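A.B. asks: Protein chains in written order, with our numbering: chain A, 1 to 189; chain B, 1 to 203.
Read the hints as simulated data drawn from the structure, not as lab findings.
Just so we're clear, the structure is a prediction, and the values are computed from it rather than from any experiment.
Do not rely on the hints blindly, as some may be mistaken.
What the hints assert, rightly or not - Mimicking DSS-like on lysine-lysine, the simulated pairs with C-alpha atoms at most 27 Å apart in a straight line are: (1) Lys157/A to Lys70/B; (2) Lys127/A to Lys173/A; (3) Lys129/A to Lys87/A; (4) Lys43/B to Lys87/A; (5) Lys127/A to Lys113/A; (6) Lys70/B to Lys134/B; (7) Lys173/A to Lys87/A; (8) Lys102/A to Lys113/A; (9) Lys89/A to Lys173/A; (10) Lys113/A to Lys134/B; (11) Lys149/B to Lys62/B; (12) Lys134/B to Lys151/A.
What the hints assert, rightly or not - Pairwise CB distance ranges (calculated): (13) Thr166/A to Ile130/B: 28 to 34 Å; (14) Thr166/A to Leu190/B: 45 to 51 Å; (15) Arg36/B to Lys157/A: 36 to 42 Å.
All C-beta atoms in this analysis are idealised placements derived from N, C-alpha and C, irrespective of residue type, glycine included.
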Amino acid sequence: MKKSGFNKGLFFALVIYISSCDGFVPDPIDPRLPVYSESGKNQAGALINNIPFKDHPRVTVFGSPSGGFILNQADTTLILQFSLSEKNKLNEIKSLHFCLEKLTPEDWRDMEKDFGKKFSFENPSIKGKIIIYSNDGEIETLAESGQITIKHIPASKAMAGTFGFTAEDPTGKRYEIRFGRFDYLFQRF
Amino acid sequence: MRYKFIVVTFFVFFMQIPEGFAQVGMMVGTNYSNVRHDGILGKTQGQIGLHLGINVEVVPLKNIPNLSLKTDLLLTQKGYTLRIDGARYRANIEYGSFAPMLKYAIMEDFSIHSGLEFNRFTESNVGEDITFRKNEKAFFFGLGLFNSKIISFYTRASFGLTPVLDYYDIDPIEGIQGRISDLYTTTIMLGIQFNIHHEKIRF
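Produce the complete structure using the sequences and hints provided.
C.D. replies: The structure is reproduced here in structure tokens:
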């Protein structure tokens, strides 16, 4: 008699479930957001129009895919992008993208000091934007005002920081990104 | 280091007292805990937790049999509950606690006690290890019933003297502004004690 594959499937599903781990560590002041950390936890979070959005590691047997990345180009440009989702709506993703150009060696040194270096979006070399995905494509809205603070921690191969900004898309819809924080593994090329 | 010194000093002191005057007990009970703060959390609610441990009680002076020195070694849960947008978020902070105290029996079955808790942070479901301070000190006072019986009851109010949170002051737009040390625990304990070695009542 041929054995049903159902039990085997159930077994593997159980193994995957047990070995999966939700790595979300809440902030002690606003538990809807991940705790601010500087250890390369591969997490980010922010209140977007007062709704919490986050990206945090969900470790599974297939690895721990991250919704964010940080990379540098020739030490003068730094690009950060975080894909954040709302709780229980994992498919509704909003991305926050930051591009810092014309970085100097002094900027890199300052990023390793104290709480890091603050970059204002009033500087034309510093750009931040929110990307909304829909069936019609991507809508990118540039930050009007605000800042991103970046701390580089070479010892733990991490880059962490905070951000906050306001933006308005062409239809007049306003976005307020508040209490933003990120902490990702980063290795300078 | 100072924390270890206090613990060792107390145990050396207790070892000097004749065993015949010692009472050893096991205790278990419930905590109602909340935090006092400078407004960083908005409105918090108390939450229920547990504690359990052992204690040793000695009468150091034969001519004052109603006065005793007692030390609790406890595992205790403190914390707070936040309400944000109608949802509840529970923050547990767990400690190993060393609590020396003075106890005075006003009547045979009624006593009062007061002392200091030296709490060592063990675990929390929020924040990181570095988010909470490793040590907390708290002042407490309380009362006990039926101390001379095998089973006795106690209640205690504890007030944190040192902040438990060491975190970042994060502005909504401008990001980190500095560091903050805040959140002082307030805990009410209610429990039952089983006196497993009961030599003190020989007086």
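A.B. asks: Would you list, in rising numerical order, the hints stated earlier that this structure does not obey?
C.D. replies: Of the numbered hints given earlier, the structure breaks just one, which is hint 1.
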